[in-house]
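Keeping the supplied structure of chain H fixed, place chain Y upon it in accordance with the hints.
2 protein chains.
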Amino acid sequence: MRTYKLTIAYDGTAYQGWQRQANTENTLQGTLERTISSVAGYPVEIDGSGRTDAGVHANGQTATVVLSGRVEDEFFTEKINSRLPEDIRILDAELVRNGFHARKSAVGKKYIYQLDLAEKPDVFTRRYTYHFPQRLDLDAMRKAAQLLIGTYEFAGYTDKKDEKSTKRTIYAIMICGQGSKVSIQYEGTGFLYHMVRILTGTLLEVGTGARSIESVKEPLKSKDRSQAGFLAPARGLFLDEVYY
Amino acid sequence: MRTYKLTIAYDGTAYQGWQRQANTENTLQGTLERTISSVAGYPVEIDGSGRTDAGVHANGQTATVVLSGRVEDEFFTEKINSRLPEDIRILDAELVRNGFHARKSAVGKKYIYQLDLAEKPDVFTRRYTYHFPQRLDLDAMRKAAQLLIGTYEFAGYTDKKDEKSTKRTIYAIMICGQGSKVSIQYEGTGFLYHMVRILTGTLLEVGTGARSIESVKEPLKSKDRSQAGFLAPARGLFLDEVYY
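In the order they appear, the protein sequences are chains H and Y.
My numbering numbers the first residue of the first sequence as 2 and each following residue consecutively.
My numbering numbers the first residue of the second sequence as 2 and each following residue consecutively.
Excised from the complex, chain H in its bound form:
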């Protein structure tokens, strides 16, 4: 029995999210499991570092898979890749100790949210960017982002009601602008359901002046989702890296 850690990139546009579902074949986990199982010759399950929503992308999602024995280096990066749809690629496969788990062993994650503020949407980046044709005060957004860094109960920044714990630590939020392109990088211990997209929507409301810098603290105190901002669309979001 051998455990492999996979690093996976995908264009999430065509998928109903990461998690395997009974009613559709069109999930990332399901597609990877079917492909690996068919080559291995026995059913395998893969465990992701977390679920990404429908339409969310990954530069470096991670997943663990347990095989019956050792495989050559090219098993994943050539054999499996050649059978996967071209919007999913296994970038790297690494033999790890048994018991290593992509989600439970993770200590942190980095997400990137990509925006385009240009007047007209760009036909070539539209699948990977949220087109938001407004003026943004990036300095105000950076000040608001500083108020979100630290360890808090993020219950007001998620759309899931029944999380066991909503305590998370955000280490850094970096907002970079280059011409009309803006990216927001988030690093933290982990992120709740919709959390990065709601944080992004809230920061965008600060950027347009629709809300004050200080107001981003309110959902942390009240734990009230309605005090946070709108849910930014999935297409701009990338799971960039998972830390172990």
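It should be emphasised that the hints constitute simulated quantities derived from the structure, not laboratory data.
No experiment lies behind these values; they were computed from the predicted model shown.
Keep in mind that the hints are not guaranteed to be accurate.
Intra- or inter-copy, both count: the list cannot distinguish identical chains.
[To be verified] 30 Å max Cα-Cα, derived DSS-like pairs, lysine-lysine:
id	residue 1	residue 2
1	Lys121	Lys222
2	Lys182	Lys162
3	Lys111	Lys182
4	Lys168	Lys224
5	Lys168	Lys105
6	Lys111	Lys161
7	Lys144	Lys168
8	Lys121	Lys182
9	Lys218	Lys121
10	Lys111	Lys121
11	Lys168	Lys80
12	Lys162	Lys80
Same frame as chain H, but now just chain Y:
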């Protein structure tokens, strides 16, 4: 009666090429004509600067359209754009003299072909790049490109048998490499059916050492298509600009 010159960007992935066809709705010309006609309230025809093949993209295709009268500036860039699929955008509309014709008035064109030489295909650029995981001798390709610059009969570099004239002038071929990304820019008076893609396939064969630098002259002399290189895939090709 007013003539407008449109500058159009499109992601050609989902289309059966530029030219309107009786058996499919899924062409760029057809989609633009249906959309503009439905807003104008009468049937309009648009004339492109040329046809792009199925799967070829454009940063700056041009087309002319004749309307019954003058329209506000936003007619095309807002009204029409808001009704077009999101993989087609009218970037600019300009009132021109009647008689101006996107194809007949054009004096030159620029195409760009994008390649990725990385070992693994990139899931985010795969729609817009030809994945060609080989080592290329860019210097040899540049030398071969120099031999193609000038005015020649390019009958050996097209897949269409019955062109009235195959004489064209290539002004420049620029080959730029940055990491694993390589782009080839072509500028000339005009290009025959498949010509840019065959030129690209031929230059790639020079780059891998499969053929000599000098051999790119052969199809110019013999006018024999079989002496030119392979047809590079549509997905890497962009009609970048049309000159008037």
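Right, here's what the structure says about each hint:
no.	hint	verdict
1	Lys121 to Lys222	neither (38 Å within a copy, 46 Å between copies)
2	Lys182 to Lys162	neither (34 Å within a copy, 45 Å between copies)
3	Lys111 to Lys182	both (19 Å within a copy, 26 Å between copies)
4	Lys168 to Lys224	within (11 Å within a copy, 72 Å between copies)
5	Lys168 to Lys105	within (16 Å within a copy, 66 Å between copies)
6	Lys111 to Lys161	within (21 Å within a copy, 51 Å between copies)
7	Lys144 to Lys168	within (22 Å within a copy, 62 Å between copies)
8	Lys121 to Lys182	both (12 Å within a copy, 26 Å between copies)
9	Lys218 to Lys121	neither (33 Å within a copy, 43 Å between copies)
10	Lys111 to Lys121	both (29 Å within a copy, 23 Å between copies)
11	Lys168 to Lys80	neither (41 Å within a copy, 47 Å between copies)
12	Lys162 to Lys80	neither (41 Å within a copy, 41 Å between copies)
Hint compliance for this structure: hints 1, 2, 9, 11 and 12 are broken, all remaining hints hold.
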